[in-house]
Amino acid sequence: MQPKIMTMTNEKFLIREMDELIEAYYDKIYKYCFSLLRNTYDAEDAVQEVFIKAMKYGKLASIENPNAWLYKVSYFHCLNKIKRKKLKSFIPFIEQETTTAVFDHDNDDQLESILIHLKPEERSLLLLRVIENYSFDEIGQIFEKPPATIRKRYERLKVKVKNLL
Amino acid sequence: MKDFDTFEKKLKEQYEQIESPNKQRVIQKISSHKDKKIRRLPTFAMICFGLLLSVATVGAMNFNGLTFFNKNASSVIEIETMTDEEMIPHHQADDISMKNRKLMDRLRKTIEPGKFLHFLDVEAYEQYGEPNLFHLHNFDTFRSFDYLPVDITARWTFPKTILEQYEFKEGRLTYDSPESSYEKMMEIVEQLKQQAHEQNQHYAVLEGELLSSVHSISLQYEYNEFPIIKLFNIDIQVINKGIKTNEDLSSFIKLNNVLETDAYYSEEQKKLLFVKETAEENYLISVWDPWTPVVPAENVSVQTFIEVAKIFHDL
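If you read the protein sequences in the order shown, they are chains U and V.
If you read the first sequence in our numbering, its first letter stands for residue 1, the second for the next number, and so on.
If you read the second sequence in our numbering, its first letter stands for residue 166, the second for the next number, and so on.
Think of the hints as simulated: they come from the structure by calculation, not from any bench.
Glycine is no exception: its CB is placed at the ideal position from the N, C-alpha and C atoms.
Warning: the hint list may mix true and false statements.
[As the list claims (entries may be wrong)] Per label pair, the in silico range of CB-to-CB distance:
1. V:Ser345 / U:Glu20: 34 to 42 Å
2. U:Ile116 / V:Glu425: 27 to 35 Å
3. U:Lys152 / V:Ile476: 57 to 65 Å
4. U:Glu20 / V:Asn237: 14 to 22 Å
5. V:Phe169 / U:Asp137: 18 to 26 Å
6. V:Asn237 / U:Ile52: 50 to 58 Å
[Unchecked claim] Calculated cross-link-like contacts (lysine-lysine; reagent style DSS-like; alpha-carbon spacing at most 30 Å):
7. U:Lys81 / V:Lys167
8. V:Lys188 / U:Lys53
9. U:Lys152 / V:Lys177
10. V:Lys419 / U:Lys28
11. V:Lys334 / U:Lys28
12. U:Lys81 / V:Lys174
13. U:Lys28 / V:Lys194
14. V:Lys267 / U:Lys72
15. V:Lys194 / U:Lys158
16. U:Lys162 / V:Lys188
17. V:Lys177 / U:Lys160
18. V:Lys267 / U:Lys28
19. V:Lys167 / U:Lys152
20. U:Lys160 / V:Lys175
21. U:Lys152 / V:Lys406
22. U:Lys72 / V:Lys325
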């Protein structure tokens with residue numbers, strides 16, 4: 001009798017990895033997407049899409065830094081979402097989606113006002129630097145830009161924030 | 166807020182407060198997406214297995230598994246026994262193979278080297294409500310290592326003799342089938358179903374082309390000094406992460422410090438399993454004695470299995 005061995009069950013492991021990934025990173029990615037999109041509905045939709053993308057990628061175990069990888073996917077996903085929204089706003093006679101430009105939580109008005117004045121790219125840079133404490137090298141990898149460029153942008157961003165204070 | 170430091174502090178505080186109000190619902194949505202994928206697995210599982218291996222009877226399975234760690238304590242490969250539920254499509258596949266055994270043997274003889282046949286039993290499809298798409302192919306057998314393709318010889322230099330007694334007798338290669346999506350598989354199933362109806366047959370076949378990449382290598386070494394015949398089979402299989410098997414793995418025990426990577430041995434099955442890790446691929450290597458479980462009189466010690474395993478581990 002010859003034993004049956006099947007070799008295609010990476011998906012079983014993928015699903016286990018996915019559960020671990022969702023457990024570990026859901027909140028982080030939601031907060032990040034929410035900060036970029038400024039809207040609960042869009043943020044939850046984005047998180048869902050990001051994790052489904054991760055699942056389709058199918059090589060989760062080989063990702064060295066899942067945190068940065070998920071931020072990168074989330075960043076580009078959210079930017080695309082924002083761009084699509086902007087495009088829609090130029091199409092006449094179509095009811096525009098309403099974007100809640102305020103947090104759904106208790107917040108500081110001044111802080112909120114500053115964040116609204118920042119572009120999504122700037123908000124993302126701020127979060128990765130301030131919240132995640134990422135180096136310019138790491139942020140550069142996420143944004144696919146040289147670290148020196150990121151450093152300059154961050155310095156300009158700090159000046160912009162200071163002027164808004 | 167008067168300065169950037171205060172702004173940073175406030176930002177952190179507010180960031181911490183952000184919560185996803187519908188978190189559980191979103192997680193459920195993601196989960197339903199991955200559940201869709203796993204529900205498809207049994208069909209694919211059968212596809213892959215049915216084609217390669219002969220019919221086997223499967224008993225009740227206990228859950229167990231083996232995890233192979235490398236010297237850095239990282240998990241390299243996991244082997245799990247299929248659950249009873251996962252075995253259902255395999256039982257169906259067994260029944261279909263039994264029913265069509267002679268037909269399949271006949272069809273195999275028509276397959277040209279480098280090709281395989283998709284085989285669908287339409288009656289079984291209607292009976293089970295799930296398509297059981299088989300791949301039929303022939304093993305590529307060889308009796309000299311000179312026959313092996315260059316990419317194999319570049320990676321492996323197999324010995325003609327092991328333990329000074331066992332001579333290489335025969336080997337066989339299996340090649341990878343092209344990867345196919347679920348949707349593509351279902352297209353083939355529908356095509357075969359229609360073809361079977363048009364030809365008024367209970368089955369239909371469609372030719373496919375195997376890839377040139379080798380999926381597994383089996384080698385047989387024989388000690389033949391009449392009346393004693395002893396054999397060692399070495400199976401080398403590319404496994405990137407894990408496999409499932411219908412074997413009961415509960416009889417395997419871990420052998421500590423015999424190889425650089427983990428090894429497991431089953432006295433009952435006379436089989437030693439270990440993993441060879443390379444920069445390109447991970448290989449699961451089985452060293453087993455096909456005779457001993459059947460003819461227990463000729464016992465080969467675990468130490469002999471370890472010696473054989475070391476030879477292939479160090480290649």
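The hints, checked one at a time:
Our hint of 34 to 42 Å for V:Ser345 and U:Glu20 is violated, since their Cβ atoms are close to 28 Å apart. For the hinted restraint 27 to 35 Å between U:Ile116 and V:Glu425, the CB-CB distance of approximately 58 Å leaves it violated. The hinted range of 57 to 65 Å is satisfied by U:Lys152 and V:Ile476, whose Cβ atoms lie roughly 59 Å apart. Taking the beta carbon of each, U:Glu20 and V:Asn237 are about 20 Å apart, inside 14 to 22 Å as hinted.
At about 22 Å, the beta-carbon gap between V:Phe169 and U:Asp137 stays in the expected band of 18 to 26 Å. Distance hint for V:Asn237 and U:Ile52: a CB-CB separation of about 32 Å, inconsistent with the stated range 50 to 58 Å. Between the alpha carbons of U:Lys81 and V:Lys167 the distance comes to roughly 33 Å, so the proposed pair goes past 30 Å and is violated. The straight-line distance between the Cα atoms of V:Lys188 and U:Lys53 is roughly 18 Å, inside the 30 Å bound, and the hint therefore holds.
Under the criterion of a C-alpha separation no larger than 30 Å, the hint pairing U:Lys152 with V:Lys177 is consistent with the structure, at around 22 Å. Note on V:Lys419 and U:Lys28: the hinted pairing is violated, with a Cα-Cα distance of about 40 Å set against a maximum of 30 Å. As the CA atoms of V:Lys334 and U:Lys28 are separated by approximately 58 Å, the hinted pair breaks the 30 Å bound. Straight-line distance between C-alpha atoms of U:Lys81 and V:Lys174 comes to about 29 Å, which keeps the hinted pair within the 30 Å bound.
Between U:Lys28 and V:Lys194 the CA atoms are separated by roughly 18 Å; this keeps the pair inside 30 Å, and the hint holds. Restraint check: the Cα-Cα separation between V:Lys267 and U:Lys72 comes to about 55 Å, which exceeds 30 Å; the hinted pair is violated. Between V:Lys194 and U:Lys158 the alpha-carbon distance is near 39 Å, which puts this suggested pair outside the 30 Å criterion. Taking the CA atoms of U:Lys162 and V:Lys188, the gap is about 35 Å. The hint is violated against a cut of 30 Å.
A hinted pair counts as satisfied when its Cα atoms are at most 30 Å apart, and V:Lys177 with U:Lys160 qualifies at roughly 18 Å. Between V:Lys267 and U:Lys28, the direct Cα distance comes to roughly 58 Å. Violation of the 30 Å bound is thereby established for this hinted pair. As the CA atoms of V:Lys167 and U:Lys152 are separated by approximately 23 Å, the hinted pair is consistent with the 30 Å bound. For the suggested pair U:Lys160 and V:Lys175, the alpha carbons sit about 17 Å apart, so the restraint of at most 30 Å is met.
Restraint check: the Cα-Cα separation between U:Lys152 and V:Lys406 comes to about 42 Å, which exceeds 30 Å; the hinted pair is violated. With a CA separation close to 52 Å, the supplied pair U:Lys72 and V:Lys325 exceeds the 30 Å bound.
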